[in-house]
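Those sequence lines, one after another, are chains P and B. Counting in the numbering used here, the first sequence runs from 1 upward without gaps. Counting in the numbering used here, the second sequence runs from 1001 upward without gaps.
In case anyone wonders, no lab produced these hints; they're calculated from the structure.
Cross-link-like lysine to any residue pairs, in silico, SDA-like; alpha carbons within 20 Å at most:
1) B:Lys1022 - P:Gly41
2) P:Lys60 - B:Ile1104
3) B:Lys1057 - P:Asn2
4) B:Lys1057 - P:Ser3
5) P:Lys52 - B:Pro1096
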Amino acid sequence: GNSVTQMEGPVTLSEEAFLTINCTYTATGYPSLFWYVQYPGEGLQLLLKATKADDKGSNKGFEATYRKETTSFHLEKGSVQVSDSAVYFCALSDWRQGAQKLVFGQGTRLTINP
Amino acid sequence: AAGVIQSPRHLIKEKRETATLKCYPIPRHDTVYWYQQGPGQDPQFLISFYEKMQSDKGSIPDRFSAQQFSDYHSELNMSSLELGDSALYFCASSGPGLAGRRDIQYFGAGTRLSVL
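Please work from the sequences and hints to get the whole structure.
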């Protein structure tokens, strides 16, 4: 079955540091890949997505590239801010088979210190 | 823009009681998904509905049932509640987008259920 493995957290960085959160996946077919963010006490918000190999999703300074050869979708940001502190989930969905559930990674808690 | 609405936001129940969670999808979205997120865990898929029919089923206990109504809202019914049912329950919706794609799910804020 489909699965997602995320870099274990928690991750603590100083403001303006470079961020990488690793994500690899196992899937049959051609999944779409997502990063969702969950701020404390809130629901899941879509951060970015990519739907095919070599696609790059980007939003709010975050980027992730769909790498089929390494089955990866690592999240990066060049300069993090305190407001980026949240839990980040990598997820996949194979929409080609119709409405499909999301399969999430374990989540990575990110804390940015001033 | 309208988002996914879940009610109630918080719910406290005793063991063996029943709970009903409601979800109102984004207008024109025809697919609803339910997820359960335990403390410190990733969301786990429970069940989904497309055009009022169950479309997929995950790790949903037999004590739980759900349906999607004619106005596309959905309800998750949970009976004989157990302590382990305490979790955050998310509803998400999706609908036809560009080229008919429906791969983006939009999440509600969740219902936090506490079973005492």
